[in-house]
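Asker: What follows is each chain in one-letter form.
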Amino acid sequence: DIQMTQSPSTLSASVGDRVTITCRASQSISTWLAWYQQKPGKAPKILIYKASSLETGVPSRFSGGGSGTEFTLTISSLQPDDFATYYCQRYNDLWSFGQGTKVEIK
Amino acid sequence: EVQLVESGGGLVQPGGSLRLSCTVSGFTLSTYWMNWVRQAPGKGLEWVANIKQDGSEKYYVDSVRGRFTISRDNAKDSLFLQMNGLRADDTALYYCVRGWITPSIGPPLHSWGQGTLVTVSS
Chain A
5 DIQMTQSPST LSASVGDRVT ITCRASQSIS TWLAWYQQKP GKAPKILIYK
55 ASSLETGVPS RFSGGGSGTE FTLTISSLQP DDFATYYCQR YNDLWSFGQG
105 TKVEIK
Chain B
22 EVQLVESGGG LVQPGGSLRL SCTVSGFTLS TYWMNWVRQA PGKGLEWVAN
72 IKQDGSEKYY VDSVRGRFTI SRDNAKDSLF LQMNGLRADD TALYYCVRGW
122 ITPSIGPPLH SWGQGTLVTV SS
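Chains as they are written, first to last, in my numbering: chain A, 5 to 110; chain B, 22 to 143.
Be aware that one or more of the hints could be misleading.
Stretch by stretch, here's where chain B covers chain A in the computed footprint (C-beta under 8 Å, at least three residues) [unchecked claim]:
#1 47–56
#2 89–98
Pairwise CB distance ranges (calculated) [stated by the list, open to error]:
#3 Gly20/A - Lys64/B: 41 to 47 Å
#4 Arg22/A - Asp75/B: 27 to 33 Å
#5 Asp5/A - Lys79/B: 17 to 23 Å
#6 Phe87/A - Ala61/B: 21 to 27 Å
#7 Asn96/A - Ser38/B: 30 to 36 Å
These are calculated hints, taken from the structure and not from any lab test.
The beta carbon of each residue, even a glycine, is placed where N, CA and C say it ideally should be.
Construct all of the structure, not just a fragment, from the sequences and the given hints.
Answerer: As structure tokens, then:
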């Protein structure tokens, strides 16, 4: 079974910072990777799919990259609304999520 | 407006059963793959199962295969999850999630409901 590992687990940052979250797969998943944002008490929201495709309506400060086993989610300039938990998800065959990365205020 | 409303959660004893329902509006259910995703309290997300538009294909995470059954009634705009042999580690908020139209085209999990809580405890 392919494992998805996110790093870091928690990230402290300030408004305006450039933030990068990494997701690693234990085997190649090509570009079958999505990123979601979840705020406390709310359902997750899709941000990125196919590793780098920005979902309609998602701000352009979010970007995704990578292929194979290593992927990144970058927020170019962190905004107050971006403090949340972020999950990567593989969907190459069976589907699974990373453990999540909480982005908190520094 | 796309809406997905889950129901049917509650407290159940270990070994018991529950049937979750998801009623959708704002889109044509028969057009989309549909999913269940769960989240244990304070924990991360776990994809549980999905079903093709006509119900001809169903997939499950290993931990629920043989105990849970996903189904749908497109005429009634409804998705279901029959859960048997419930265990304490099935305790979670269960989300109904609209998927894609064509596999691999677009995001795999697009629109989410607000979830229904299942608690398995004696």
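Asker: With reference to the structure, classify each hint as holding or not holding.
Answerer: Hint by hint, here is what the structure shows:
no.: 1; hint: 47–56; result: holds (count 5)
no.: 2; hint: 89–98; result: holds (count 4)
no.: 3; hint: Gly20/A - Lys64/B: 41 to 47 Å; result: violated, 31 Å
no.: 4; hint: Arg22/A - Asp75/B: 27 to 33 Å; result: violated, 46 Å
no.: 5; hint: Asp5/A - Lys79/B: 17 to 23 Å; result: holds, 19 Å
no.: 6; hint: Phe87/A - Ala61/B: 21 to 27 Å; result: holds, 22 Å
no.: 7; hint: Asn96/A - Ser38/B: 30 to 36 Å; result: holds, 32 Å
Of the numbered hints given earlier, the model fails hints 3 and 4; all others are met.
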